[in-house]
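Keeping their order, the protein sequence lines are chains A and B.
Numbers 225 to 413, taken from the numbering used here, label the letters of the first sequence in order.
Numbers 576 to 744, taken from the numbering used here, label the letters of the second sequence in order.
No wet-lab data here; the hints were simulated from the structure.
Even for Gly, the Cβ is constructed at its ideal location relative to N, Cα and C.
Wrong hints could be hidden among the right ones.
Pulled from the structure, derived: some chain B residues nowhere near chain A, Cβ distances all over 12 Å [what the hints assert, rightly or not]:
hint, residue
1, Ile-585
2, Ala-592
3, Val-607
4, Glu-628
5, Ile-631
6, Asn-658
7, Ile-669
8, Ala-697
9, Asp-711
10, Lys-718
11, Thr-724
12, Glu-744
Which bits of chain B does chain A cover? Going by a derived footprint, with three or more residues having C-beta under 8 Å, they are [what the hints assert, rightly or not]:
hint, region
13, 613-627
14, 634-642
With the C-beta cut set under 7 Å, the calculated list includes, among others, these residues of chain B facing chain A [to be verified]:
hint, residue
15, Val-578
16, Leu-663
17, Gln-665
Take a look at the letters that make up each chain.
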Amino acid sequence: MLRLNAIKAIYPDLKECAVVTIMGATAAELYACGHRPNFFYLEHAMGLASSMGLGIALSRPDLQVVVLDGDGSTLMNLGGLTTMARYRPSNLIHVVFDNEVLLSVGVSFKTATAEGADLAGIAAAAGIPRTATCTDIDSFRDAFRDALAARELATLVAKVEPVLPPSFFIGCHMLENRFEFQRALEREP
Amino acid sequence: MPVSTTNSKIIYDALKACGVRVVSALPETWLVHLVGLADDDPEMTLVRLAKEEEGIGISAGAHLAGVKSALLMQNHGFLASVNGIVSLAQLYRIPLLMLISYRGTFGEEHPWQTEGGLVTEAVLSALRIPYERLDDPAEVLPKIRKAQTLAGASLRPVALLLGRDLMME
């Protein structure tokens with residue numbers, strides 16, 4: 225599965241969500257699908273996108289929050305899975321695009337998921353109530369929509385190809401994105 | 576020497592008076608009463624962390640979602656959070672109110688706390704984080720309020736170092 229196609233598959237559902245992505249390819253591909261004020265691209269601080277999503281979800285139970293994470297970032301904050309599970313906000317879906325490498329530095333640096341580490345299994349064992357590993361677009365889209373409909377904290381791992389986007393272009397400055405995102409959340413009823 | 580329940584309550588009440596509604600914490604001995612007060616308060620969302628750096632993300636999310644937050648951690652937890660402070664809070668201009676128990680200062684009996692005590696203020700200064708010590712209970716509310724005001728105006732992290740004389744009785 226291509227990460228871009230996986231993002232496209234859930235893009236219509238993201239329009240009404242507060243979305244936090246990790247840096248690099250995931251941010252660039254979501255941006256390329258069409259930027260919205262409710263999308264925040266965390267361009268640094270690897271590992272903390274999921275914690276940010278938890279902070280938003282706990283602060284605004286009326287918002288549906290979606291985090292688009294990666295295997296490298298998730299592995300940097302495995303303890304965060306236990307914290308998410310502990311507070312279990314029903315309005316948070318944690319998607320992990322697992323390409324088994326640290327793609328930004330090339331395909332040569334494999335992460336532990338290339339050697340058998342199972343992030344959905346780790347999330348389930350941490351106490352995340354709904355987890356899945358998806359290897360094709362249809363099952364990923366279905367798992368995402370089911371989690372949305374169920375209103376239940378989920379970690380959904382999408383196994384994707386280690387393919388770089390054609391461009392890492394993001395057409396708004398980090399701070400512009402940050403203030404726009406904050407205002408977008410203020411506007412939500 | 577026990578941890579001061581009286582002064583823990585004074586600190587907690589000050590956080591409430593300043594509108595703080597999300598507290599993320601990784602407890603240590605000096606902070607147990609404070610964390611307990613947050614836990615018992617239905618108006619407060621307490622997030623017990625696995626590692627302090629998570630709290631930087633949680634406070635960033637809370638801020639962008641319009642909720643005032645504070646972090647409770649030991650100085651060693653602050654040291655463990657430096658990249659989150661730099662690469663999230665400072666990069667994205669997030670106001671953080673960090674209450675840091677200041678271990679390893681005069682009177683410290685535990686050898687394992689002493690190295691962190693030596694470097695805490697130097698690291699705060701290197702990060703250009705405005706900070707003050709809190710030792711006098713009468714100063715707790717005004718200093719927390721002023722620290723929060725500066726964080727909000729500058730959109731940057733600020734820190735209050737909770738001293739031994741305040742936290743222990």
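Exercise. Which of the listed hints are not met by the structure?
Worked result: 4, 5, 6, 7, 15, 17
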